[in-house]
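There are 4 protein chains.
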Amino acid sequence: MKLTEEQSKEIKEQQSQENITKRVTVPELEKVLYEAIPILDHGFIRVVDYMGDDTSIVQAARVSYGKGTKKVSTDAGLIKYLMRHWHSTPFEMCEIKYHVKLPIFIARQWIRHRTANVNEYSARYSILDKEFYLPAPEHLAAQSQNNRQGRGDVIEGEQAKKVLDLLKGDAEQTYNNYEMMLNERYDGTVIDEKAIGLARELARMNLTLNTYTQWYWKTDLLNLMNFLRLRADRHAQYEIRAYADAMLDTVKKWVPISYEAFMDYRVGGTEVSAKGKKVIKKLLKGEIITVDQSGLSKREWNELMEAFDLKDKLI
Amino acid sequence: MKLTEEQSKEIKEQQSQENITKRVTVPELEKVLYEAIPILDHGFIRVVDYMGDDTSIVQAARVSYGKGTKKVSTDAGLIKYLMRHWHSTPFEMCEIKYHVKLPIFIARQWIRHRTANVNEYSARYSILDKEFYLPAPEHLAAQSQNNRQGRGDVIEGEQAKKVLDLLKGDAEQTYNNYEMMLNERYDGTVIDEKAIGLARELARMNLTLNTYTQWYWKTDLLNLMNFLRLRADRHAQYEIRAYADAMLDTVKKWVPISYEAFMDYRVGGTEVSAKGKKVIKKLLKGEIITVDQSGLSKREWNELMEAFDLKDKLI
Amino acid sequence: MKLTEEQSKEIKEQQSQENITKRVTVPELEKVLYEAIPILDHGFIRVVDYMGDDTSIVQAARVSYGKGTKKVSTDAGLIKYLMRHWHSTPFEMCEIKYHVKLPIFIARQWIRHRTANVNEYSARYSILDKEFYLPAPEHLAAQSQNNRQGRGDVIEGEQAKKVLDLLKGDAEQTYNNYEMMLNERYDGTVIDEKAIGLARELARMNLTLNTYTQWYWKTDLLNLMNFLRLRADRHAQYEIRAYADAMLDTVKKWVPISYEAFMDYRVGGTEVSAKGKKVIKKLLKGEIITVDQSGLSKREWNELMEAFDLKDKLI
Amino acid sequence: MKLTEEQSKEIKEQQSQENITKRVTVPELEKVLYEAIPILDHGFIRVVDYMGDDTSIVQAARVSYGKGTKKVSTDAGLIKYLMRHWHSTPFEMCEIKYHVKLPIFIARQWIRHRTANVNEYSARYSILDKEFYLPAPEHLAAQSQNNRQGRGDVIEGEQAKKVLDLLKGDAEQTYNNYEMMLNERYDGTVIDEKAIGLARELARMNLTLNTYTQWYWKTDLLNLMNFLRLRADRHAQYEIRAYADAMLDTVKKWVPISYEAFMDYRVGGTEVSAKGKKVIKKLLKGEIITVDQSGLSKREWNELMEAFDLKDKLI
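Protein chains in written order, with numbering that gives the first Met the number 0: chain P, 0 to 314; chain Y, 0 to 314; chain X, 0 to 314; chain H, 0 to 314.
No lab work stands behind these hints: they were computed from the structure. Since the model is a prediction, treat every value here as computed from it, not as a measurement. Certain hints may be false.
The calculated lysine-lysine pairs, modelled on DSS-like cross-linking and capped at a C-alpha distance of 27 Å, are [as the list claims (entries may be wrong)]: (1) H:Lys276 <-> Y:Lys297; (2) P:Lys274 <-> P:Lys297; (3) X:Lys297 <-> X:Lys277; (4) Y:Lys297 <-> H:Lys312.
Output of the computed footprint for chain X on chain H, the stretches with three or more beta carbons under 8 Å from beta carbons of chain X [unchecked claim]: (5) 82-95; (6) 118-128; (7) 155-168; (8) 227-233.
Per the computed footprint, the stretches of chain P lying under chain H, defined by three or more beta-carbons under 8 Å from a beta-carbon of chain H, are [stated by the list, open to error]: (9) 19-29; (10) 177-184; (11) 187-197.
Where a beta carbon is used, it is the ideal one built from N, C-alpha and C, also for glycine.
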């Protein structure tokens, strides 16, 4: 990721602010505020604003439960309790805003999380940057053989080179033709003084889905955790996971207690179905149970055995 | 409104904070941060946190429009443009959090605005305060004769006294019986050592709808303006308008440019229907048009004439 | 629950319809369409409209996964898969609308589920029915000693009688005074021809929270399941659980396959935290682990042991 | 638009259903149910399900207003009243579901309307159709000179031909290379038996933004009208307006009374600002007012004069 001079200057200016406020602040997060954290080849995330911290969650919960919360001795105890019992509203009391640069095909996954506020760069108004995502060699994976939406082995050698050449060639060619149709280069140079340019809202359709876009994305902590639970998961596509992982780091700096509860109860946790519970109960009693008796499908059975480290029971 | 000693102390502590932040701050709003602004007889609103200011809206809009916005010379011009053309998402980039104390029947109106985050005092957990709303004499109005949901003349004299006595008497009696059923007074005193108390989640049903509750309420500027547009309107019930008016003041301190655009384009503006436009066009040309020719109902006709100060055309 | 003659007539008329449609229909649900299912002493739920069935979920999923879903042989298999992996959007493709009559203090819990459409009877416009909830003797429970928001033993004998007398007496008195202030009885009779009535929007504040209200409530299947997961749970307050249980029955009739998956993966399932998983893994291997080694709080430990029927390990 | 044989067969089967229901039905909408209405060169919309009709709005409003609405004599009168006064919730009681095929760059605009349920064809799972949007000659417009996001004159002759050639050539080439990377043609043919294919979730990034995708899109009438108000507007991009116009037709068939009120109060209506009202008032009184006295910007002044047909006052 290479920032333009203008961008670097803007970030420096933002970071040099020293404002006085009566609001709660989070020194750990302030340290990285506005900083562009590089993701993929040209992308980044930046935390550009936030509201609240761990104590804001506690404050909201104590309003709800009134004197009822006096028994819970610590803030950490209360936050863990809230997370464990799926009490959602106190976590909505914290808000965060990111500036994100990301490839369009990832933006299309991301935007499906509807409970967020978004302002995206508009290619109806302006010309998009000449930047497109090309996977690093270690992420150039084959289609998985047993998972319709997964990746298999890494592709190497000649074929890898060919794939990268195709991606690069097509992105460059379509971008050049985009400029041609606009009759204008990204830097504003007019290509042919005698010609007129195609409307931007039309010309953009020629770009490939790995072209980078950017947006401001603002959400509350609850919805951010819902996003991260799905997108920092190992089943998520690598490219969005790269963003989610970096965001997890910012959550850790921002609300460390909630972060820990989230990792314990959501990310590291497992949902066991009613049928699955019967199986585990039997096994705990030392009884024998087969997949047929369990009512589970073969796939469910294996997922359950893996979750509880029962590798010898895989079928 | 009388704050408890504990509340006054908490507010003082919150206000004495002097934190350093790189985030944008709004000195005018900081001045009233945490302060309890009295509403009705026992209610209040307090701004307890906020994110962003007028420049945050501009910042988000400029990401959307990229180089395309260079022509709009000032921030104020851009904000007015956004408001006029119903561009909504940049206004979602600002967030505010209130602590509100309000009667339950008003809370029930308020909560219908769904795009907000709420943590309410729970009467399942804790005992509610012994505070209930009694209208000031000048707000004790009769049912309107021509508007099913409005108020008419103020009720005075004997009848006013009687109404207030009934409201007060019933609220006190039902609250006393609430304590009786709980076998516990608000201050924690047990009433009868030998008896057991009814579950709080049940006993609360005996309270009247003018009992005060409280909540933390957080929303973005766009949804706040949607709320204020309806609730600071003269058709809104007086009791919720009292809250909305106080909140309008905080919006003015927080985002003065957006506030002005909001007052001009939304609050002070008028929606003219297609049929209404035809009428105004004719009148502007000096032509004559009757209600029958207009296709408007009598009521619509009068609303239109009033909006444009054509009192002599009322029918 | 006693329906008025007018209501019974309206329901009969609705049920006598025989319309032809090309939309998918669910004969089992049609059988109870419009029927008022009694809840509590004066409440009810009625399914008044619906959109889609189990096949609509499959249809939407197959659009998403395209040819990718061909491998999943059956609709039931696909729905179970979606539920297990928290795929949410296909379940949003079914919609249902209820007409509900319920006490106000329950309505206040219910309305916190924001992702639904609601039209409630307005006491600003109209006079509320003279109906209020009084718990049946077996639901008159004491405050729980160890759970701030729960119920303990049933209250019996003299104290029970006294509680019911207070609830009944206060509800009747406040309702009578409500009529007095309105200067109008529910049936429209004017009380004092020479007096004027207080505005309805004010008089309503004198009613107690067990007064019945009613609304139309419409939501999609995903959000309905989120509602039922919390409200049909044994930790939910009995009075809202009564509604949730009746709604669960209608879900079973409407989308039987989704219902079964929901009961298996959500209602009957258990979330095990990362720390909890370590404990179960150890126990499955026959190893010994104490609460101190586990990192769990005493309360969490006991919840885990109960979930897996390890009663001898309770501490 | 050319449907595959399989699609045509599925539509025929859906349309041949004759189910009996007690739900309200709309014969006019049933006539076009499931039918693929062609949009652009390869797109379509199909209404695939609906819930409610004009009477459902009235029904919900009458629950809200109870006896209070008896005075409004007709359903049409009530619906117009609701629309005029921005009463939103009754319109949420109707729901509709569309199946839409549309170019990706339009899908990206469309998805910004968050209050809807969506299931989109997933290119992580399945291979996208070889179909891409090419504008018809009359829609090949130049960038507007005075509107950053608008279109100017139609481009013709040599330049038009060149633009279409570029769009077509690039779309075909990138699609061919997409198949090459996948090592699989759309019809399932493997290209090189010895090679392995790139993961679908990666290969898709090579496609251009005019490639067609499809989704099921479900929303309530209120949010549909919000969508149509913006997207059937003359400022909307032609390509999304084409979809919105076709959807407006289905709304007219579905809820004709609401449609008419919507066209009168929203689509054909004008919002006049507080300052704008002052200008119109003066003009109605025959007084003179200049743009400088008005406080309006030149642009606002002209918008106002155009809205009220005062062409001689344009500056």
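Okay, the hints, checked on the actual structure:
no. : hint                  : result
1   : H:Lys276 <-> Y:Lys297 : 21 Å, holds
2   : P:Lys274 <-> P:Lys297 : 13 Å, holds
3   : X:Lys297 <-> X:Lys277 : 16 Å, holds
4   : Y:Lys297 <-> H:Lys312 : 31 Å, violated
5   : 82-95                 : holds (count 5)
6   : 118-128               : holds (count 7)
7   : 155-168               : violated (count 0)
8   : 227-233               : violated (count 0)
9   : 19-29                 : violated (count 0)
10  : 177-184               : holds (count 3)
11  : 187-197               : holds (count 4)
Comparing the model with each numbered hint stated earlier shows that hints 4, 7, 8, 9 do not hold.
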